[in-house]
Amino acid sequence: MRELSLNILDITENSVSAGASLIEIDVIEDTSLKTLSVSIRDNGRGMSEEMVENVRDPFCTTRTTRKVGMGIPLFKMAAEMTGGHLELSSRVGVGTVIAAHFKTDSIDFTPLGDIDATILTLITMHEEIDFVYRFKIDENEFVLKTSELKAILGEVSFNDIDVRMWLKDYISEQTQIIRGGVT
Amino acid sequence: MKTLEELLAIKAKAQANITTRESADGSAEVTRIVVGMATCGIAAGARPVLNGFVEEVSKRNLKNVTVSQTGCIGMCQYEPIVEVFAPGKEKVTYIKMTPDKIARVVADHIVNGNPVTEYTVASLKE
Ligand SMILES: Nc1ncnc2c1ncn2[C@@H]1O[C@H](COP(=O)(O)OP(=O)(O)OP(=O)(O)O)[C@@H](O)[C@H]1O
Ligand SMILES: [Mg+2]
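Residue numbers (the working numbering), protein chains in the order written: chain D, 1 to 183; chain F, 1 to 126.
Hints are not guaranteed to be accurate.
What the hints assert, rightly or not - Residues on chain D that point at chain F, a partial pick, calculated with CB under 7 angstroms:
id: 1; residue: M70
id: 2; residue: A117
id: 3; residue: L153
id: 4; residue: D162
Said to hold, decoys possible - With a cut-off of at most 30 angstroms between alpha-carbon atoms, the simulated DSS-like pairs for lysine-lysine come out as follows:
id: 5; chain 1: D; residue 1: K150; chain 2: F; residue 2: K63
id: 6; chain 1: F; residue 1: K59; chain 2: D; residue 2: K168
id: 7; chain 1: D; residue 1: K168; chain 2: D; residue 2: K145
id: 8; chain 1: D; residue 1: K136; chain 2: D; residue 2: K34
As the list claims (entries may be wrong) - Okay, the calculated beta carbon distance ranges per label pair:
id: 9; chain 1: D; residue 1: K150; chain 2: F; residue 2: A16; range: 18 to 28 angstroms
id: 10; chain 1: D; residue 1: E127; chain 2: F; residue 2: A107; range: 26 to 36 angstroms
id: 11; chain 1: F; residue 1: A16; chain 2: D; residue 2: D105; range: 50 to 60 angstroms
id: 12; chain 1: F; residue 1: R60; chain 2: D; residue 2: R91; range: 41 to 51 angstroms
id: 13; chain 1: F; residue 1: P87; chain 2: D; residue 2: S106; range: 45 to 55 angstroms
id: 14; chain 1: F; residue 1: G71; chain 2: D; residue 2: D169; range: 22 to 32 angstroms
id: 15; chain 1: F; residue 1: G74; chain 2: D; residue 2: E141; range: 36 to 46 angstroms
If you are wondering where the hints come from, they were derived from the structure by calculation, not from laboratory data.
Only a predicted model underlies this, so the values are computations on that prediction, with no experimental measurement involved.
Ideal Cβ positions, reconstructed from N, Cα and C, are used throughout, including at glycine.
All chains, full assembly: derive it from the sequences and hints.
This is the structure in structure tokens:
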């Protein structure tokens, strides 16, 4: 993928498909350690141990009948190429956490890209799901909780054109403030 | 700076519109715009296509048009793929969609009922 934010969208769509009602996305950069960590946590249906093994290393296991997905392997590869790694833990009926750790000074580091567009897409396409998005660079942090926005909006949808434009501007302003904090 | 107070004001305005919109919708049939958002679609550029359709439809205030997403449509090499289901019409499949094609698809096809054939999968056979 051209941008990590696209991997994040793709991986989070798995949480949506797993029937999650709450999804937490953390994007945390440490500029002195030169690391970026992305974690996606959901309370969806989860995966069995066997499934976790399969998904994590689809090319090492003997192919089963099911088609092998590409989303998690691509995310894992993006992390490992930089000298980082991917953690995946899941429990049936409880949920799943996927965390990818990147080394940002690697020449193979894929830039984060338009993370704002990923967040806007997720929260507007899946209004029934509560998202908690945390974007942190060093000491600066922006946290977006859709439940708080829903409490303000009541029956008014995120896809009302004015609401959507407000959300878009709000997220991009907050991102800029966090990024601006980096010298 | 965007503030939550501002959002509250937007809500009040939107709420006034909701009632009128609901009565206008009535029972008319819905045209569905469906964007493929599996890994293959996302990698090929489906995110701005999906957002572009959502915004074009709502900017034009089109009633009875929905934009939604689906998984892998099974022709990964032609992603981003967008399917349009209009009432009483056969499905139209747009391939290799990009944001710059959206305005025309919405104007010609969604609003006026004329699919943009040169962007569809049918154009491959010619
Ligand atoms: N958060 C999750 N909760 C439950 N199951 C999951 C989760 N993430 C992945 N899975 C399971 O792992 C499989 C593989 O995921 P992966 O993203 O690699 O591919 P995919 O979604 O099947 O296909 P695609 O390549 O189109 O993304 C999924 O089909 C799903 O069964
Ligand atoms: Mg997937």
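Evaluated hints:
no.: 1; hint: M70; in the structure: 5 angstroms, holds
no.: 2; hint: A117; in the structure: 6 angstroms, holds
no.: 3; hint: L153; in the structure: 5 angstroms, holds
no.: 4; hint: D162; in the structure: 5 angstroms, holds
no.: 5; hint: K150/D - K63/F; in the structure: 23 angstroms, holds
no.: 6; hint: K59/F - K168/D; in the structure: 15 angstroms, holds
no.: 7; hint: K168/D - K145/D; in the structure: 14 angstroms, holds
no.: 8; hint: K136/D - K34/D; in the structure: 13 angstroms, holds
no.: 9; hint: K150/D - A16/F: 18 to 28 angstroms; in the structure: 19 angstroms, holds
no.: 10; hint: E127/D - A107/F: 26 to 36 angstroms; in the structure: 27 angstroms, holds
no.: 11; hint: A16/F - D105/D: 50 to 60 angstroms; in the structure: 52 angstroms, holds
no.: 12; hint: R60/F - R91/D: 41 to 51 angstroms; in the structure: 45 angstroms, holds
no.: 13; hint: P87/F - S106/D: 45 to 55 angstroms; in the structure: 52 angstroms, holds
no.: 14; hint: G71/F - D169/D: 22 to 32 angstroms; in the structure: 31 angstroms, holds
no.: 15; hint: G74/F - E141/D: 36 to 46 angstroms; in the structure: 41 angstroms, holds
In terms of the numbered hints stated before, the structure departs from none.
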